[in-house]
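Taking the hints into account, I'd like the entire structure generated from these sequences.
Residue numbers (my numbering), protein chains in the order written: chain E, 1 to 334; chain A, 1 to 344; chain X, 1 to 284.
The hints are simulated quantities; they were obtained by calculation from the structure and are not laboratory data. Cβ atoms here follow ideal geometry from the backbone N, Cα and C, with glycine treated the same way. Wrong hints could be hidden among the right ones.
Derived DSSO-like pairs (lysine-lysine); straight-line CA-CA distance at most 30 Å [to be verified]:
1. E:Lys245 / A:Lys89
2. A:Lys132 / A:Lys218
3. E:Lys245 / A:Lys132
4. A:Lys218 / A:Lys293
5. A:Lys107 / E:Lys245
6. E:Lys143 / A:Lys89
7. A:Lys107 / A:Lys132
8. A:Lys132 / A:Lys26
Here are the in silico distance ranges between beta carbons for each label pair [said to hold, decoys possible]:
9. E:Ile327 / A:Ser277: 45 to 51 Å
10. E:Tyr295 / X:Gly103: 46 to 52 Å
11. A:Gly292 / E:Thr9: 56 to 62 Å
12. X:Pro139 / A:Gln174: 54 to 60 Å
13. X:Val143 / E:Val194: 42 to 48 Å
14. X:Ser238 / E:Pro53: 37 to 43 Å
15. E:Leu8 / A:Asp98: 54 to 60 Å
16. E:Phe32 / X:Met78: 25 to 31 Å
17. A:Asp164 / E:Ile6: 39 to 45 Å
18. A:Asp164 / E:Val12: 45 to 51 Å
Which chain X residues stay away from chain E? Per the calculated CB distances, all over 12 Å, these [to be verified]:
19. Pro50
20. Met78
21. Val81
22. Tyr100
23. Asn121
24. Arg224
Below are the chains, spelled out letter by letter.
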Amino acid sequence: MHGFLIYLTKRVGQFLFVVFTGVTLAFLIAHFSPVDPIEQTVALLTNFGSTDPRSVELLRQSLRELYGTDGSLLEQYFTFWSRVLTGDFGPSLSAFPTPVSTVIGRALPWTVGLLTLATLIAWTLGNLLGALAGYFRNNRALKAVGVFVMSMQPIPTYIVGLTLIIVFGYLWPVLPISGGAQLNLEPGFTWEYVSSVLVHGTLPALTLVCVGLGGWFISMRSLVSNIVTEDHVVYAELAGVPGRKVFSQYVARNAMLPQVTGLALTLGHVFGGAVIVEFVFNYPGVGKLLIAGIYAGDYSLVLGVTTIAIIAVAAAMLVIDVLYPLIDPRVKLG
Amino acid sequence: MHDVLNAKAKASAVAPKNVLTVEGLKAYYINEHFGVRREVRAVDDISLTVNRNEVYGIAGESSSGKSSLIKTLAGAIRPPMRVVDGSVKFDFGGREIDVYAEPEQLKPARWRHLSYIMQGSMNVLNPVRRVKHSFHDFAYRHMGLGGAAFWSKVRQHLERLGLDPDVLEAFPHQLSGGMRQRITIALATVCEPEFIIADEPTTALDVLVQQDVLGLIKDVQARMQASIIFVTHDMSVHAAISDRLAIMYAGRLAEEGATQALFDNPQHPYTAHLIGSLPRIGDVRIRKSLPGKPPALSDPPSGCRFHPRCPLAIERCSKEVPQMLPSATGGRVACFRAGEAVAS
Amino acid sequence: MKILIDLLRYNREFLLGSICIAIILALVVASFFAPYDEMMTYVVIPDMPPSAEYWLGTNSRGQDLFWQLAASMRNTLMFGVVVALVSRVIAIAVGLVSGYLGGRVDQVIMAINDTLNALPNIPILLLLVFVLRDQMSWPILAVTAALLGWQHDSRLIRSVALSLRNREFTRHAVFSGMRTGKILWREHLPYVMPIVFYTTMNNLIWAIGLEVTLSILGFSDINRPTIGGMIYWANAHSAMVAGIWWWIAVPMVFVVILFLGLFMLAMSVNEYIDPRSRLARMGA
Numbered sequence: 001m002h003g004f005l006i007y008l009t010k011r012v013g014q015f016l017f018v019v020f021t022g023v024t025l026a027f028l029i030a031h032f033s034p035v036d037p038i039e040q041t042v043a044l045l046t047n048f049g050s051t052d053p054r055s056v057e058l059l060r061q062s063l064r065e066l067y068g069t070d071g072s073l074l075e076q077y078f079t080f081w082s083r084v085l086t087g088d089f090g091p092s093l094s095a096f097p098t099p100v101s102t103v104i105g106r107a108l109p110w111t112v113g114l115l116t117l118a119t120l121i122a123w124t125l126g127n128l129l130g131a132l133a134g135y136f137r138n139n140r141a142l143k144a145v146g147v148f149v150m151s152m153q154p155i156p157t158y159i160v161g162l163t164l165i166i167v168f169g170y171l172w173p174v175l176p177i178s179g180g181a182q183l184n185l186e187p188g189f190t191w192e193y194v195s196s197v198l199v200h201g202t203l204p205a206l207t208l209v210c211v212g213l214g215g216w217f218i219s220m221r222s223l224v225s226n227i228v229t230e231d232h233v234v235y236a237e238l239a240g241v242p243g244r245k246v247f248s249q250y251v252a253r254n255a256m257l258p259q260v261t262g263l264a265l266t267l268g269h270v271f272g273g274a275v276i277v278e279f280v281f282n283y284p285g286v287g288k289l290l291i292a293g294i295y296a297g298d299y300s301l302v303l304g305v306t307t308i309a310i311i312a313v314a315a316a317m318l319v320i321d322v323l324y325p326l327i328d329p330r331v332k333l334g
Numbered sequence: 001m002h003d004v005l006n007a008k009a010k011a012s013a014v015a016p017k018n019v020l021t022v023e024g025l026k027a028y029y030i031n032e033h034f035g036v037r038r039e040v041r042a043v044d045d046i047s048l049t050v051n052r053n054e055v056y057g058i059a060g061e062s063s064s065g066k067s068s069l070i071k072t073l074a075g076a077i078r079p080p081m082r083v084v085d086g087s088v089k090f091d092f093g094g095r096e097i098d099v100y101a102e103p104e105q106l107k108p109a110r111w112r113h114l115s116y117i118m119q120g121s122m123n124v125l126n127p128v129r130r131v132k133h134s135f136h137d138f139a140y141r142h143m144g145l146g147g148a149a150f151w152s153k154v155r156q157h158l159e160r161l162g163l164d165p166d167v168l169e170a171f172p173h174q175l176s177g178g179m180r181q182r183i184t185i186a187l188a189t190v191c192e193p194e195f196i197i198a199d200e201p202t203t204a205l206d207v208l209v210q211q212d213v214l215g216l217i218k219d220v221q222a223r224m225q226a227s228i229i230f231v232t233h234d235m236s237v238h239a240a241i242s243d244r245l246a247i248m249y250a251g252r253l254a255e256e257g258a259t260q261a262l263f264d265n266p267q268h269p270y271t272a273h274l275i276g277s278l279p280r281i282g283d284v285r286i287r288k289s290l291p292g293k294p295p296a297l298s299d300p301p302s303g304c305r306f307h308p309r310c311p312l313a314i315e316r317c318s319k320e321v322p323q324m325l326p327s328a329t330g331g332r333v334a335c336f337r338a339g340e341a342v343a344s
Numbered sequence: 001m002k003i004l005i006d007l008l009r010y011n012r013e014f015l016l017g018s019i020c021i022a023i024i025l026a027l028v029v030a031s032f033f034a035p036y037d038e039m040m041t042y043v044v045i046p047d048m049p050p051s052a053e054y055w056l057g058t059n060s061r062g063q064d065l066f067w068q069l070a071a072s073m074r075n076t077l078m079f080g081v082v083v084a085l086v087s088r089v090i091a092i093a094v095g096l097v098s099g100y101l102g103g104r105v106d107q108v109i110m111a112i113n114d115t116l117n118a119l120p121n122i123p124i125l126l127l128l129v130f131v132l133r134d135q136m137s138w139p140i141l142a143v144t145a146a147l148l149g150w151q152h153d154s155r156l157i158r159s160v161a162l163s164l165r166n167r168e169f170t171r172h173a174v175f176s177g178m179r180t181g182k183i184l185w186r187e188h189l190p191y192v193m194p195i196v197f198y199t200t201m202n203n204l205i206w207a208i209g210l211e212v213t214l215s216i217l218g219f220s221d222i223n224r225p226t227i228g229g230m231i232y233w234a235n236a237h238s239a240m241v242a243g244i245w246w247w248i249a250v251p252m253v254f255v256v257i258l259f260l261g262l263f264m265l266a267m268s269v270n271e272y273i274d275p276r277s278r279l280a281r282m283g284a
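If you want it as structure tokens, here you go:
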């Protein structure tokens, strides 16, 4: 248990370091912007006419603190941190005067749900197929699957998404290509609403799965083809341990471990894919929010989403790292 | 000692047939890449027999093909290695298995009749599973016992081998190298197989642990009256454990005979060299090493493969391949000048 | 050279990849012979389907898609190559130094490396694009992308360099008084070159993907033709709905050719470098 505590401390330390670096980076990028976001935003807002002056002042102040015009650089940096830690990014411009945190809070479950599901499916399926392809090297069906899966892998997310839209939206229109759920339905745990969410999520999830599958497939296949020559596998085969057991407990089980670590490492990349997918399918998550924020010139929203994304990705990595010793007994000691 | 001899005599009276018969076995690595075909003759025309209740030693330098030979015997070769010619036949108490004619026959016999102690105790056990799972995976099917009875048998077996049954709960990385090797021996013998193949089981261990493990193998073998093929390059280990000994050089057998006779009166110049290079107490002479190095098996020399390094080589040696023929000391030897060599 | 011919003869992926890339490179070369400036609009009849006169058709902005495609390929590839080169320099430097020094320094460098790797690239890039607005030009974008895209490869290079550290020839060089920089440059760099080559291909794929993504979203100079830019304009004019399918199909088909080509080259090169996967292939 003592070893595990050391391990845990290290991981949490790393998490804090990642968050610190990311937030600092976001602060610096925002701070050295050549345009003045504050007056630009206020001008944009007052152009629309009827606005409550108190809310405008609130926006002005939060922007001043986020983008830093008050006090010394260090003071600005601390103000920025206190804003990040309290999750207070001020009101959003594009949804004025709703606070940014509320807007993000509404969008976050969509992204988390979509990403978790799609990543788990891609990871599980890619590893399973990759392990089978690495173990049964001469199987023709698996080879064909491999060629298909691998040729999907290098293609940009956007292209895959657009192709799916063309196929399932225009050529054979069976699935919704836009939105997160049917608009006229009341959100809640009703059969209609849940099934609508699932149907709307199918194409976005399918896109992410298609893009993610190949990478897992390739790395798992090469891991397995290395592991089958290792002593403990050869020994089990010599002992006549049934093939299915050798495959699951001696080959796949061991090859899976680096893949779990790999999953943590690719989460940032996966998030980038989600931004694109949400844009393509007009999915109501934080990725779409980010892009809409950029188009609308909504500074607080863009900065808020970026910061939240950095923290969320780091937190997800931490969760995976902390769960890792459950499947690899060797970590506990070191 | 007397008991063991009696047991041996009894066993051979009941079943006079050999447990293992190998005839004209050839197994090559065949590589084809970018249009170039390469052939490595790792096992080249080997015939031998192993009797019931006998430790049959195989010696030779590294890359002499001894590992390839036993892998072929155990039916454990994978592409690009292939059996080109010859046969490997086991006889487990009247049940004959021809390994390469009917490979399916061997499968159910594995571990029940034929088990394996591998080199590199470090990596033989699955690193992410507890030791008890290995015992379950390897042996449960063969014992025909229910859960509780199986585990009490396993624990009994471990205790008999001087191991604490609690090691079953451990992960391999929590155990020392010597401990792991002892566990693999326990694992290989828990089903009481008739035939055990041991591939350098003591090589990675330090000398004291080596003695211990060697004693353990001998002990188990004597009790179960199993046959063992024991492979190591270490001649002093062979002197301690092998009843009969075969010397391999560049994929072929050079000599075979009773261990004592081989050490006393080596017939092949290569055997003489191997024995001559053993240190002896009180001996202060500097050991002579042979010139040159073992040949590459992808491009072996013509005739006798040892002739470029042989101090006794004559012209004939580079042209003709010497056959394994009965030797003066009751074994077999493949040399045109057999018996002329003296261990220096 | 012989290796190249052998690869072409015996490795199907390499052959297919080479063909794909040859098509793309032919387009790049063709772009220098374009009959009119690629930035100009309304130089040909708009909305013409592919024909003998306009091989790939024309778009609603009055541009010949063939010449647009050629110029786009050139610009997109240029972006990718710049990113790959700049990030290679960083990855090699960090990887070699970290691996060579080893110990505590190595641990610190790798901790920083992993931290940067943990940051999601797309949001940070988008934030930068957003903040810089009109000051954003493709060289700035390329350098930023390069700064974000080397950590994975430097780790790979470092693991090779780490194994070189204790090799005989390194000690030899150290004892003979060779300077550290020279050891790394002359003795270690050649060893990591194969893995550098392989990672370059993957990095190129990643960089081009990034460029395509950002310009599809309209976050680059939209008047400068790029593959993503072509799709951006097609979307802006609702080409799918208007039935001008070739406008969107052309860049999509060619971007797929480009990516598959690069990917197959990377795979076959990797296979050539890694003897283990070669062995596995022979076993089949």
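So, going through the hints one by one against the coordinates:
For the suggested pair lysine 245 of chain E and lysine 89 of chain A, the alpha carbons sit about 28 Å apart, so the restraint of at most 30 Å is met. Taking the CA atoms of lysine 132 of chain A and lysine 218 of chain A, the gap is about 24 Å. The hint holds against a cut of 30 Å. Straight-line distance between C-alpha atoms of lysine 245 of chain E and lysine 132 of chain A comes to about 15 Å, which keeps the hinted pair within the 30 Å bound. Between the alpha carbons of lysine 218 of chain A and lysine 293 of chain A the distance comes to roughly 33 Å, so the proposed pair goes past 30 Å and is violated.
The suggested pairing of lysine 107 of chain A with lysine 245 of chain E holds, with an alpha-carbon distance near 15 Å, which does not exceed 30 Å. Between the alpha carbons of lysine 143 of chain E and lysine 89 of chain A the distance comes to roughly 36 Å, so the proposed pair goes past 30 Å and is violated. Of the pairs offered as hints, the one joining lysine 107 of chain A and lysine 132 of chain A holds, with about 22 Å between alpha carbons and a cut-off of 30 Å not exceeded. Between lysine 132 of chain A and lysine 26 of chain A the alpha-carbon distance is near 38 Å, which puts this suggested pair outside the 30 Å criterion.
Distance hint check: the CB atoms of isoleucine 327 of chain E and serine 277 of chain A are about 49 Å apart, consistent with the given range 45 to 51 Å. As the Cβ distance of tyrosine 295 of chain E to glycine 103 of chain X is approximately 49 Å, the hint placing it in 46 to 52 Å holds. A hinted range of 56 to 62 Å for the beta carbons of glycine 292 of chain A and threonine 9 of chain E is consistent with their spacing of about 58 Å. Roughly 56 Å separates the CB atoms of proline 139 of chain X and glutamine 174 of chain A, a value that falls within the hinted 54 to 60 Å.
In this structure the hint that valine 143 of chain X and valine 194 of chain E lie 42 to 48 Å apart at CB holds, the actual value being about 46 Å. Between serine 238 of chain X and proline 53 of chain E the beta carbons are some 40 Å apart, a value that agrees with the proposed interval 37 to 43 Å. Distance hint check: the CB atoms of leucine 8 of chain E and aspartate 98 of chain A are about 57 Å apart, consistent with the given range 54 to 60 Å. For phenylalanine 32 of chain E and methionine 78 of chain X, the hinted distance range of 25 to 31 Å is satisfied, since their beta carbons lie about 27 Å from each other.
Range check, aspartate 164 of chain A to isoleucine 6 of chain E: Cβ separation about 29 Å, and the 39 to 45 Å hint is violated. Between aspartate 164 of chain A and valine 12 of chain E the Cβ separation comes to about 38 Å, which falls outside the hinted range of 45 to 51 Å. Here proline 50 of chain X stays apart from chain E, with its beta-carbon at least about 18 Å from theirs, past the 12 Å limit. Look at methionine 78 of chain X: its CB is around 18 Å from the nearest CB on chain E, clear of 12 Å, so calling it non-interface holds up.
The beta carbon of valine 81 of chain X sits about 17 Å from the closest Cβ of chain E, which is more than 12 Å, so the claim that it is off the interface holds. Against chain E, the non-interface label of tyrosine 100 of chain X holds: every CB pair exceeds 12 Å, the least being about 24 Å. For asparagine 121 of chain X, the requirement that its beta carbon stay farther than 12 Å from each beta carbon of chain E is not met, with the minimum near 6 Å. Residue-level check passed: arginine 224 of chain X sits 19 Å from the nearest beta carbon of chain E, beyond 12 Å.
The structure shown violates the earlier hints numbered 4, 6, 8, 17, 18, 23.
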